[in-house]
Amino acid sequence: GGIITQTPKFLIGQEGQKLTLKCQQNFNHDTMYWYRQDSGKGLRLIYYSITENDLQKGDLSEGYDASREKKSSFSLTVTSAQKNEMAVFLCASSRTANTGQLYFGEGSKLTVL
Amino acid sequence: GEQVEQRPPHLSVREGDSAIIICTYTDSATAYFSWYKQEAGAGLQLLMSVLSNVDRKEEQGLTVLLNKKDKRLSLNLTAAHPGDSAVYFCAVRGTGGYKVVFGSGTRLLVSP
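First to last, the protein sequences are chains A and B.
The first sequence begins at 1 in this note's numbering and counts up one residue at a time.
The second sequence begins at 1001 in this note's numbering and counts up one residue at a time.
Looking at chain B on its own, in the form it has when it is part of the complex:
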């Protein structure tokens, strides 16, 4: 089945810096890609989603890049601020079923 690897597990940046999180997946037929944010003690909040026919999407300081050739998905937080500190998860869904598979998460700390 689909395997998703996410890196880095921990990321510390200063306020105003960029933070980049990368996921790689195994199933080339993967159709749907999403990023979620989890704050302490809470559930996951959907940040952005892209379909497999989209290479790049930008929204409110977030950029998602999809490289289908390398099976790599990335999330770039431009100009991170302390309120962005949380755990971030990528998630993918293939075309052959309805399971949504999550990466292992990246704990981001943005210091002032």
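Chain A extracted, bound-state conformation:
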């Protein structure tokens, strides 16, 4: 088995601040994803990376940057945090981009004051 570790678990920032979330997986999976989950709602895809050195925009990429530093890690940056923004950011990985079977981390909860 493996695990996906997201850090930090809780992140509090100020309006306009650049904030970075990190994700590590030890599954040796090729593909990694970042989703945003707003309270009581579904998941929206922000960025994904099919393989190391690849980066693809999802449906919600505006206001975010992402970086696949190496196969095991994928980070997400909120380029300018919006006041009263509150959401959970979920990182996931899959063995390949073809499988559609995603394994998720516990999530990082963002609060912007």
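Bear in mind the hints are in silico, worked out from the structure with no lab data behind them.
Don't take every hint at face value.
Said to hold, decoys possible - Pulled a few chain B residues facing chain A out of the computed Cβ check, cut under 8 Å: (1) G1043; (2) R1093; (3) Y1098; (4) F1102; (5) G1105; (6) L1109.
Said to hold, decoys possible - Listed next, the in silico DSSO-like pairs over lysine-lysine satisfying Cα-Cα at most 27 Å (straight line): (7) K109/A - K1099/B; (8) K1057/B - K57/A; (9) K18/A - K57/A; (10) K41/A - K1071/B; (11) K83/A - K70/A; (12) K57/A - K1099/B; (13) K1099/B - K9/A; (14) K71/A - K1099/B; (15) K22/A - K1037/B; (16) K1099/B - K41/A.
As the list claims (entries may be wrong) - Reference listing, derived: stretches of chain A covered by chain B, where coverage requires no fewer than 3 residues with Cβ under 8 Å from a Cβ of chain B: (17) 10 to 23; (18) 48 to 61; (19) 69 to 80.
Computed from a predicted structure; not experimentally measured.
C-beta: ideal position from N, C-alpha, C; glycine also.
Add chain B to chain A, keeping to what the hints say.
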């Protein structure tokens, strides 16, 4: 792009009853279908996946049905118990890309 609708948003059943959650999708070329469970404060846990050539799959009290003609995917929890209380999501992936699109979730409450 692919659109997924999930219903109902909320579902309450008594212990031992069945709970059925349905998703409809728009892309007839959708290739891969999955169901996930999210407990409070946690990430999503993969429950079951089926390919488009599978109509029915059963595992440990869960049944997934795929109706490609109607573009409908369902999850049936037979004999639900309180530990099944959680939010359930369907997810689909098309053949034309690698995006995995999620439904909006169903909050299931199983009471004793």
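Against the structure, the hints come out as follows:
no.: 1; hint: G1043; result: 3 Å, holds
no.: 2; hint: R1093; result: 4 Å, holds
no.: 3; hint: Y1098; result: 4 Å, holds
no.: 4; hint: F1102; result: 4 Å, holds
no.: 5; hint: G1105; result: 5 Å, holds
no.: 6; hint: L1109; result: 14 Å, violated
no.: 7; hint: K109/A - K1099/B; result: 23 Å, holds
no.: 8; hint: K1057/B - K57/A; result: 33 Å, violated
no.: 9; hint: K18/A - K57/A; result: 19 Å, holds
no.: 10; hint: K41/A - K1071/B; result: 22 Å, holds
no.: 11; hint: K83/A - K70/A; result: 32 Å, violated
no.: 12; hint: K57/A - K1099/B; result: 10 Å, holds
no.: 13; hint: K1099/B - K9/A; result: 25 Å, holds
no.: 14; hint: K71/A - K1099/B; result: 19 Å, holds
no.: 15; hint: K22/A - K1037/B; result: 23 Å, holds
no.: 16; hint: K1099/B - K41/A; result: 18 Å, holds
no.: 17; hint: 10 to 23; result: violated (count 0)
no.: 18; hint: 48 to 61; result: holds (count 5)
no.: 19; hint: 69 to 80; result: violated (count 0)
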